[in-house]
Amino acid sequence: MKEVSVDLAVMGSGLAGLAAAVTAIEKGLKVAVFEKRPFQGGGISNTPMCTMAVRDDKAYIDKAFNVHMNYTNWNADPAVAHTWIKNSCRIPEYIRGLGLDFQAEVPTPLEEIGAKRGYGGGFPNGYHLGDYYFFKARGKGHGAALICKSAAEKFVKLGGEIYFNSPIKKIIKEGNKVVGALAYDKEGNEIKINTKALIVASGGFSDNPEFVKRYTGHTYTNNNCDDGGNVLFNTFPNSQMTGDGQSAVWEIGGAQGSMGINGHNLVPGPGIIGNTPWIVFNETRTMQEQPYLWVNQLGQRFINEEMSNDHMTMGTAIANQKDKCGYLVFDEDTVKHMENEGLDYIYMIFPAERLHNVREQFEELINVKKNKHVFLANSLEELCEQTGIDAENMKNTVENYNRFCDQKHDDEFGKNPKFLRPVKYKKFYALRVFKGGYQAMGGIKINGKCEVLDEDFRVIKGLYSAGDCAAGEVFGNPPIGGIGMSSISFAQGFASADEAFKYINE
Amino acid sequence: MKITIKEYCVRCGLCQDLYPELFKYNSEVDAIDINYDEVPEELTEKARKAAADCAVTAIFLK
Numbered sequence: 001m002k003e004v005s006v007d008l009a010v011m012g013s014g015l016a017g018l019a020a021a022v023t024a025i026e027k028g029l030k031v032a033v034f035e036k037r038p039f040q041g042g043g044i045s046n047t048p049m050c051t052m053a054v055r056d057d058k059a060y061i062d063k064a065f066n067v068h069m070n071y072t073n074w075n076a077d078p079a080v081a082h083t084w085i086k087n088s089c090r091i092p093e094y095i096r097g098l099g100l101d102f103q104a105e106v107p108t109p110l111e112e113i114g115a116k117r118g119y120g121g122g123f124p125n126g127y128h129l130g131d132y133y134f135f136k137a138r139g140k141g142h143g144a145a146l147i148c149k150s151a152a153e154k155f156v157k158l159g160g161e162i163y164f165n166s167p168i169k170k171i172i173k174e175g176n177k178v179v180g181a182l183a184y185d186k187e188g189n190e191i192k193i194n195t196k197a198l199i200v201a202s203g204g205f206s207d208n209p210e211f212v213k214r215y216t217g218h219t220y221t222n223n224n225c226d227d228g229g230n231v232l233f234n235t236f237p238n239s240q241m242t243g244d245g246q247s248a249v250w251e252i253g254g255a256q257g258s259m260g261i262n263g264h265n266l267v268p269g270p271g272i273i274g275n276t277p278w279i280v281f282n283e284t285r286t287m288q289e290q291p292y293l294w295v296n297q298l299g300q301r302f303i304n305e306e307m308s309n310d311h312m313t314m315g316t317a318i319a320n321q322k323d324k325c326g327y328l329v330f331d332e333d334t335v336k337h338m339e340n341e342g343l344d345y346i347y348m349i350f351p352a353e354r355l356h357n358v359r360e361q362f363e364e365l366i367n368v369k370k371n372k373h374v375f376l377a378n379s380l381e382e383l384c385e386q387t388g389i390d391a392e393n394m395k396n397t398v399e400n401y402n403r404f405c406d407q408k409h410d411d412e413f414g415k416n417p418k419f420l421r422p423v424k425y426k427k428f429y430a431l432r433v434f435k436g437g438y439q440a441m442g443g444i445k446i447n448g449k450c451e452v453l454d455e456d457f458r459v460i461k462g463l464y465s466a467g468d469c470a471a472g473e474v475f476g477n478p479p480i481g482g483i484g485m486s487s488i489s490f491a492q493g494f495a496s497a498d499e500a501f502k503y504i505n506e
Numbered sequence: 001m002k003i004t005i006k007e008y009c010v011r012c013g014l015c016q017d018l019y020p021e022l023f024k025y026n027s028e029v030d031a032i033d034i035n036y037d038e039v040p041e042e043l044t045e046k047a048r049k050a051a052a053d054c055a056v057t058a059i060f061l062k
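If you read the sequences in order, they're chains A and B.
Read in order, the letters of the first sequence correspond to residues 1 to 506 in the numbering used here.
Read in order, the letters of the second sequence correspond to residues 1 to 62 in the numbering used here.
Hints listed in this document are in silico derivations from the structure and should not be mistaken for laboratory results.
No more than 25 Å apart at the CA atoms, straight line, and that leaves these computed lysine-lysine pairs for PhoX-like:
1) Lys136(A) <-> Lys46(B)
2) Lys408(A) <-> Lys395(A)
3) Lys173(A) <-> Lys192(A)
4) Lys24(B) <-> Lys369(A)
5) Lys6(B) <-> Lys186(A)
6) Lys372(A) <-> Lys424(A)
7) Lys49(B) <-> Lys140(A)
8) Lys2(A) <-> Lys186(A)
9) Lys213(A) <-> Lys169(A)
10) Lys46(B) <-> Lys140(A)
11) Lys157(A) <-> Lys6(B)
12) Lys140(A) <-> Lys6(B)
13) Lys30(A) <-> Lys461(A)
14) Lys140(A) <-> Lys2(B)
15) Lys213(A) <-> Lys170(A)
16) Lys49(B) <-> Lys136(A)
17) Lys154(A) <-> Lys6(B)
18) Lys30(A) <-> Lys186(A)
19) Lys24(B) <-> Lys370(A)
20) Lys336(A) <-> Lys408(A)
21) Lys170(A) <-> Lys186(A)
22) Lys49(B) <-> Lys62(B)
23) Lys186(A) <-> Lys24(B)
24) Lys140(A) <-> Lys62(B)
25) Lys24(B) <-> Lys140(A)
26) Lys372(A) <-> Lys322(A)
27) Lys62(B) <-> Lys6(B)
28) Lys192(A) <-> Lys157(A)
29) Lys6(B) <-> Lys136(A)
Because the structure is a prediction, the values reported are computed rather than measured.
Build out the structure end to end from the sequences listed, making use of the hints.
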């Protein structure tokens with residue numbers, strides 16, 4: 001049996017685990033990271049995206065914290081949320097310290113904190129709390145993958161050890177204190193880890209269908225599934241996030257924290273997105289961000305469509321409808337508007353200002369790719385036949401909606417009149433949109449020091465958690481709201497290392 | 001020209017999405033399969049692009 005003795009062991013080498021490992025080794029601790037896959041990065045390696053850092057200024061921190069807490073109706077744990085907000089200030093310096101830079105920085109002025117939703121300033125989920133930093137990637141690759149690789153290299157250069165293909169499966173506790181863990185190498189040989197502290201940063205549970213069903217009530221499917229389903233996981237496919245950390249922590253008496261899904265709106269099936277959701281094969285992804293008419297299976301509107309570029313909100317609203325789907329419906333006149341005048345919402349990930357040959361793209365998806373969620377019809381009645389939308393309700397909805405367009409006031413939901421575009425002229429287009437899942441996360445209950453708590457809310461000494469597995473208390477229960485997880489992962493990584501360092505030196 | 005992929009490849013599948021002629025994600029073994037032992041002449045430019053686009057510099061050509 002192999003034995004490894006360190007001050008601090010880290011389970012997982014994603015954003016949170018590596019942020020913790022680098023922070024701890026810079027403080028002089030002897031640190032080892034255990035990773036089940038043959039490389040660093042976790043699920044985040046599949047995303048370019050951005051992160052959010054609140055400005056290091058009391059006024060900004062206070063406002064961001066209170067906006068967030070009010071947003072969650074104080075369901076979030078205030079100490080956990082405050083730790084995130086406060087430590088997010090350190091993110092830009094940490095990333096620059098890895099020798100990396102940003103491709104863009106979008107500041108949020110104090111008065112705009114909490115005042116903007118959607119990605120107006122560069123953020124697709126929830127509300128704006130801080131400044132947004134877009135990762136600079138290599139080639140067409142993912143910025144976060146480069147951050148993880150650079151962090152791993154820095155950690156090793158500073159004397160740290162990363163054990164790849166070596167999942168931690170068991171945490172060893174003596175009394176109420178964690179003293180070690182058991183990992184297994186590629187051949188299945190046991191590695192006994194003697195450690196003064198352990199940070200569990202093993203990610204979410206998107207790739208564990210049983211956990212997804214049991215803890216969120218949704219059904220796991222992948223992005224190419226062609227029959228909808230309750231939820232469609234697409235963002236980090238095959239990332240092997242199976243809730244290992246949660247299981248190991250619960251086994252030694254750790255309490256179950258809030259668990260949920262960070263979702264978004266997604267047209268599934270062939271021909272739309274690739275294995276990496278950032279590679280789109282056509283402009284459907286951009287269309288479904290637009291604030292035109294959205295209806296549900298009953299043919300009724302269900303949201304002020306201004307929210308259509310707020311992914312978390314749309315994902316949630318869609319999941320609340322019959323058959324857990326919604327439809328974006330538009331006519332030929334709106335197609336011309338999108339092609340000639342341009343889009344109303346520019347999507348930062350696919351920043352096209354105008355669309356091209358929308359009808360041809362629809363025809364290709366329907367006829368060549370055989371995508372069952374894309375529709376093109378000569379009349380509204382035909383569209384209802386194809387989609388199964390209630391025709392009578394749809395007729396009334398469209399009549400009313402067109403009247404709102406004429407009178408330039410949305411009597412139903414008060415949508416901004418500039419987004420009111422009638423549905424009148426053939427052809428008629430529809431996309432059936434489901435709730436996609438960015439990540440299924442949470443499960444480990446922590447406090448503001450990232451310490452893991454047991455069922456009686458007592459601290460399990462020497463045990464910390466950070467990142468997606470510990471994100472539940474940032475949002476509280478009921479379910480997790482949509483906001484940039486990368487920000488939380490970095491911040492909890494720093495904070496857990498700070499606290500572990502203090503504990504070890506006590 | 002031969003393509004090799006380093007062990008530290010993060011399996012994001014970007015190469016498959018951009019250059020499906022050359023790469024295929026193999027979910028059974030969680031690895032990227034290379035479609036050719038020897039890259040055909042007409043695909044060598046794509047192979048160069050793939051190496052340049054890889055997020056973590058895991059694709060090498062020789």
